[in-house]
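Enquirer: Starting from the structure of chain D, add chain V where the hints point.
If you're matching them up, the sequences are chains D and V in order.
Each residue of the first sequence is one higher than the one before, counting from 1 in the working numbering.
Each residue of the second sequence is one higher than the one before, counting from 1 in the working numbering.
Check each hint, because a few of them may be wrong.
Cut-off 25 Å, straight-line C-alpha distance, at most; resulting in silico cross-link-like pairs (SDA-like, lysine to any residue) [said to hold, decoys possible]:
{"no.": "1", "chain 1": "V", "residue 1": "88", "chain 2": "V", "residue 2": "109"}
{"no.": "2", "chain 1": "D", "residue 1": "88", "chain 2": "V", "residue 2": "104"}
{"no.": "3", "chain 1": "D", "residue 1": "88", "chain 2": "V", "residue 2": "79"}
{"no.": "4", "chain 1": "V", "residue 1": "88", "chain 2": "D", "residue 2": "81"}
{"no.": "5", "chain 1": "V", "residue 1": "88", "chain 2": "V", "residue 2": "22"}
{"no.": "6", "chain 1": "V", "residue 1": "88", "chain 2": "D", "residue 2": "86"}
Derived from the structure by calculation, the hints contain no laboratory data.
Protein chains: 2
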Amino acid sequence: MSQVSETIHFDERGLITAVVQDADSHQVLMVGWMNAESLRLTQERGEAVFWSRSREELWHKGATSGNVMQVVEIRVDCDADTLLVRVKPAGPACHTGATSCFFRRIEELTAEV
Amino acid sequence: MSQVSETIHFDERGLITAVVQDADSHQVLMVGWMNAESLRLTQERGEAVFWSRSREELWHKGATSGNVMQVVEIRVDCDADTLLVRVKPAGPACHTGATSCFFRRIEELTAEV
Chain D
1 MSQVSETIHF DERGLITAVV QDADSHQVLM VGWMNAESLR LTQERGEAVF WSRSREELWH
61 KGATSGNVMQ VVEIRVDCDA DTLLVRVKPA GPACHTGATS CFFRRIEELT AEV
Chain V
1 MSQVSETIHF DERGLITAVV QDADSHQVLM VGWMNAESLR LTQERGEAVF WSRSREELWH
61 KGATSGNVMQ VVEIRVDCDA DTLLVRVKPA GPACHTGATS CFFRRIEELT AEV
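The following block holds chain D by itself, in its conformation from the complex (with noise of 0.2 Å):
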């Protein structure tokens, strides 16, 4: 019961589960994935490197709106199969412009859950 992964484990599309904090406040600011070659990426420059699902494509958080995340430190679960990136962010991390991409309570959406 007390074993723990000790290999990074990407998913069946070579995906891995990124959870970003900010270091500082410890607000969770969003979930985005990583591949071998973003967590790389964002390992060498410091700054959170993502691979967007929608564009399929490395997405270097903050290139275009200059809110980057200034990586503090990445830590990773017992199973290895979900990373937590606590970061310093130079700005919003939601395209709203809020905080945190986790703005409202789950009782907020207008939809029928």
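Expert: Chain V in isolation, oriented as in the chain D frame:
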């Protein structure tokens, strides 16, 4: 660019990623998965219920260990394809006994990343 989704999006497997955060310490504890039924049960009971992908069954976290997670609020991201479940945990989140499943930095993995 400022559009947000008003409907919860479950993926092609009927699942949604659920990031679990301690509502008091703000520590990210674990990442689990929910299907529509586990989300409904979580809301009904006020305790986190996940979908276990490995066992393919509902997983009431803490039902056997006693380490239940009392739900304070459920937030949803702009795309409504990820949940942020803020909880008061009765004990460690991780099967290893660690408070959080993210107890390692990526550099601590012994295998090549």
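Enquirer: Okay, which hints does this one fail, numbers in order?
Expert: Those not satisfied come down to hint 1.
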